[in-house]
Amino acid sequence: MEHIRLPKVENVRLLDRVSPRRSTVGTIYLTATHTIFVENAAGARNETWVLHSLVSSVEKQAATASGCPLIIHCKNFQVLHFVIPREPECHDVHLSLQRLSQPESYEELYCFSYKPNVDEEERRQEWDFLDVNTDYSRMGLPNSLWKLSPVNQHYKVSDTYPAALFVPDSAAPPVIVGSSKFRSRGRFPTLSYYSRENHAAICRSSQPLSGFSARCLEDEQMLEAILRSNPRSDFMYVVDTRPKLNAIANRAAGKGYENEDNYSNIKFQFIGIENIHVMRNSQQKMLDVCELRSPSMSHFLEGLESSGWLKHIKAVLDAGIFIAKAVAEEGVSVLVHCSDGWDRTAQVCSVACVLLDPYYRTLRGLMVLIEKDWVSFGHKFSHRCNHLVGDPKEVSPIIDQFLECVWQLMEQFPCAFEFNERFLITIHSHIYSCQYGNFIGNNQRERKELGLCERTHSLWSYLMTSQVDYINPLYRPDHSQTQGLLQPSTAPYCFKFWRGLYNRFDRGMHPRQSVEDYLSAIQEETQQLEEQLASHKQKIAQLEQEQGWPVTQKATTFDKSPTAWAHGNDFRLANTPQDYTGGFITSSPCQSKAPDSSLILLPQELRQTSESSLSNGSDQESGIADLSCRSPLSEDSTRDPDSDEAAYSTA
Amino acid sequence: MEFYEHIKTANVEDVVLRQPLHPPTRGTLCITGHHLLFSDREEGSSRQVLLLIRNIDAIEKSVENLLACSSLFSNAGHSERISGSSGTITIKCKDLRVLQLDIPGMEQCLNIAHSIETLSCLDSVSEMYPFFYRPSDLSLQDQWGLSSPEKHYSQMKELHDRWRLSTVNTDYSVCPSYPPAVIVPKNTDDDMLKKVAKFRQGGRFPVLCYYHRKNGMVIMRSSQPLTGANKKRCREDEHLLQAVISGSDKGYVIDTRSSQQALQARMTGGGFESKSCYSSWKRLHRQMERGKALQESLIKLVEACGDESHNMDRWLSKLENSKWLSHVQTALSTAGLLAECVERDGHSVLVHGFEGTESTLLISTLAQLIMDSSCRTLEGFLALLEREWVQAGHPFQQRCAHSAYSHARLQQESPVFLLLLDCVWQLGRQFPLALGFSEALLLRLATEAYASNYGTFLCNSHRERCAIGVMEKTHCLFQALLRPRERNYYSNPLYEPTELAIWPSVHPQSLQLWRGFFLRWTECARHLEEAQEEIRNMVIEWGKLAQLS
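Which chain is which? The protein sequence lines are Y and C, in order.
Read left to right, the first sequence gives residues 24 to 674 (this note's numbering).
Read left to right, the second sequence gives residues 308 to 856 (this note's numbering).
None of these hints come from the bench; they were simulated from the model.
Values in this document were obtained by computation on a predicted structure and should not be read as measured data.
A virtual CB, placed ideally from N, CA and C, is assigned to each residue, including glycine.
You may find that some hints are simply not true.
Derived coverage of chain Y by chain C (criterion: at least 3 residues anywhere in the stretch with Cβ under 8 Å from a Cβ of chain C; other residues may be distant) [said to hold, decoys possible]:
id, region
1, 75-81
2, 527-539
Partial chain C-side listing against chain Y, Cβ under 8 Å, derived [as the list claims (entries may be wrong)]:
id, residue
3, Tyr436
4, Leu623
5, Leu626
6, Glu627
7, Ser681
8, Gln737
9, Leu740
10, Ser812
11, His814
12, Trp828
13, Glu830
14, Ala832
15, Leu835
16, Leu855
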């Protein structure tokens, strides 16, 4: 609390980025965990909550006649543009927020103070909900080819690796230790994914310390052991996900890549995914384009192109496809590495898994995959997501790119994924929010030391309890599209800009009606009707038996169109003319005849209607009364304020 | 028939057909006056591919020598049967499909190519396929079309106080591109209309195209006034427009040209409604691309979609460079402006550019879709197209003579109608429950406008269609699309009517490439179609159950 220089500022204006005409006036409150903006509108409390840990930058601009602008950029791509009446107040808010949004120690993070109404026993169970080891059992491990190795039990061999690792059955501890000494940060080759059907495996490591000519017998033996664990194959791929030049440059520093002559039966391949610095700059450029007030189409497309973002997404997906095809079609094992083996390697292995195995396209599967390839293998979440104040050069949207690859695949295969876009976006938010303990720290060892399982809550079990929100109604586990290896097209025109994430908070840009919500609602209703029908039939049969004559079924009436416009309140709000006029009409005298409010519901009306729809919505019986709360537009406005979602987003 | 003069080889055996999303098949190729017919030769299968020659936009032929050919087929065991040489014809269709025919025998190949080239360019309308198409379930006695100005007028009783149906154009002498009957202000008589027509390009005097029930405001459309460099005036024209807004304080003229273009138009005899002569009308200029520029944009976009370099930068820069999405953005935002003037500002609007047969129709159609729910049903939409495009005199024959692949020198081709369909698709993306028809309908219309079994899009105007008896001798597409099976297929399973206006977002982030059309023949489109199928099934199952209980 000592960082809050000013707990409350009144008469602050919050500008709407897309339609400036729609700004609101209210009060800013600074709390220990959130910035809260409460609109002044009488009768209702329309609130915007922003979690301090989601703030990525606070910028104070030069004061103007109307006040002093303060712009807050968030890690979930929300941008808040405040105008604070007096400069000194703005200064205080600016300084307070700057400090609050840059915690210096883990203890300050929100997950340690976040205490939902859950007892200790339940909290502990949350952490048992997801276990990476059950995924290895699902793959059929351990078996005669792969064994669980205790070698890293105390994080002695590699302090950034997990304690439990699978290695080839023939790899003896001295080989593993020897190999680890020849790899950056001791990250020796170990199993990431094993295909039960054909024994091919995806392994991962860091780069070898080969320099210009160094060799390591144990490392060579290690790769041979991996090759032998795939009995039907006589060679394996070694994939270096870096551009060749970068890898060569590393040789000068005593690192580098495998020399095909030294390792028996490997095929070596560069892939050319750029490093974290390039990715960081690329995303920033793209976000700058997203933030343009009203860009022309050309401006937008040029900006998108010059950011290079989609090119990088394509590179990651291409690499994933290469590996997935090697495993599924050729039956060849692959060793993947980059420099340290925790950024590009994590991306590429997990993308390959999503392509290979339908399980990873389910809700639980994606959670396990993130837990396995990202959390347990030591993707440096704290550094990459900037959880604590630190080196800005360590920050990079590597996990964003993975989530986006999954989204791009969902766009191509609408029936192949059990989860929806909202699931990805929610995971994205919580990776950055620090509300749950899952993504705190940089590796398993750090997380153990912080006692996260003892002191914080787990995101995964929370997501599972609200899974109805995340189900894709078009998911068809038995559809041909869904089976086995996904074979996406990587023609450039298949890649889209992900508006749902990067312009998530610009309501006006999104479709005003949601097909998905409509389908979810009718799916639910169909189920109910089927159950009802079945029970009616049963009753009839019973009565017939008892009474000996046929009984006519009593009809229950269903309103056939309860669904779509149930989110009417949202629709009306969003459904207002855009800025087509470019100033023509606004400057004309007839402006006064068409006040904004005539078509736009006032915020308090919205709030009331959306709340009431929870209690007395259109059609309780059909089970779709609260449909509006699942629409992406209102997701934030109707949640229980105690729940986490409301905690950092627009109320 | 004289078609046969153009057909030297009518039948070729052992042709290999390669088409997108299908494995190559071997079979027999037949060429008739209007069609290419390919029949699969495989045992037990009777698959046929029937292609309207009119649908062919361009062909490319390459004749290869025996050596290259035999290596191609060396493992298929057919090489010895090829005598001398063979050739390949690549057929690029107006619906953007690309087919390839491998034809044994150089001479046969050249004959076929020559026939296609000649037959696809025949421009005698009365010999086109619609005049020969006789499906068993349609009769020529059926009513032609869904809507007419007479019907439109009689349906809208509210109009009758202040508007009348004029038959001044019965013999097309006043305006050759208008239908015989039009709706005009009640207090302008036919003599005045004749004078106004002389003052407007092509005789297209202002007529009513939309009446907004909520507030009684209207959309009118016309062509540009012929003020010329010496700023000629026409009292009757001024009077007509004044009559439109009597009782209200002002109206808007949305000119689909930049003010610069409008000024320049005066130099060549055209012009605009100047403030001094039309004091109650406020002009808004919106520059919309038309003609050649639009056609070139389409060509560039289609070329970009066919680029196989897999280079992201190149794709995005080509997409940008084509400017197609910019045209979509401009069209939707100008239509939004028009609807805003009528619906929110409560004023009547006159729309025109130059001739009033292109962008004018584009934005008046879109504005009606935005504001009026009755245009959003399957039937309502088709009737809207019939009124605003077919009857209003969009010169389909000229505009849709060629599509994106043609090597022919550009003449009057311009994909304005395609741009409309794209914009409607964007509306459907943003309001997936608000339109009564599906993407499949838009795709069908995009195909039919360029090559059709039906007479609907033939000719350039109502007058031309009457002259060659289109209404008597061909079938009507719109009627055909409303047959039960078609109606079912082309309706939107998610349709939930709403009375509200559907205001589109025109942010670049909100507009997308119409993949269903431009990438229609690729793998990605197939997965999306499967998803559409699932959606339809879900709704059907739900509907059945809901009815049961």
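### Task
With chain Y as the partner, please determine if Leu623(C) meets the hint condition of a C-beta pair closer than 8 Å.
With a minimum Cβ separation of about 4 Å from chain Y (threshold 8 Å), the hint on Leu623(C) holds.
#### Entry: Within 8 Å of chain C (C-beta), three or more residues of the region 75-81 of chain Y
With 0 residues close enough to chain C, the hint is violated.
### Message
Does Ser812(C) hold up as a contact with chain Y if the rule is Cβ-Cβ below 8 Å?
### Response
It holds, given that the least Cβ distance between Ser812(C) and chain Y is near 6 Å, below 8 Å.
### Query
Should the interface hint for Ala832(C) be scored as holding, given a Cβ-Cβ cut-off of 8 Å against chain Y?
violated (10 Å)
### Query
Does Glu830(C) meet its interface restraint, that is, does its C-beta lie within less than 8 Å of any C-beta in chain Y?
At 5 Å from the nearest chain Y Cβ, Glu830(C) passes the 8 Å test, so the hint holds.
### Interface hint status, His814(C) versus chain Y (Cβ within 8 Å)
Nearest chain Y Cβ about 5 Å off; hint holds.
### Query
Mind checking, does the region 527-539 of chain Y have 3 or more residues with a CB under 8 Å from chain C?
Result for this restraint: holds, n = 9.
### Query
Are Glu627(C) and chain Y close enough, Cβ to Cβ, to be under 8 Å, as the hint says?
holds (4 Å)
#### Entry: Satisfaction of the Ser681(C) interface hint, Cβ to chain Y closer than 8 Å
violated (17 Å)
### Query
With a cut-off of 8 Å, does the beta carbon of Gln737(C) approach a beta carbon of chain Y closely enough for the hint to hold?
holds (5 Å)
### Hinted contact Leu855(C) with chain Y - closest CB pair below 8 Å
holds (6 Å)
#### Entry: Evaluation of the interface hint that places Tyr436(C) against chain Y, nearest CB under 8 Å
violated (33 Å)
Hint violations for this structure: numbers 1, 3, 7, 12, 14, all remaining hints satisfied.
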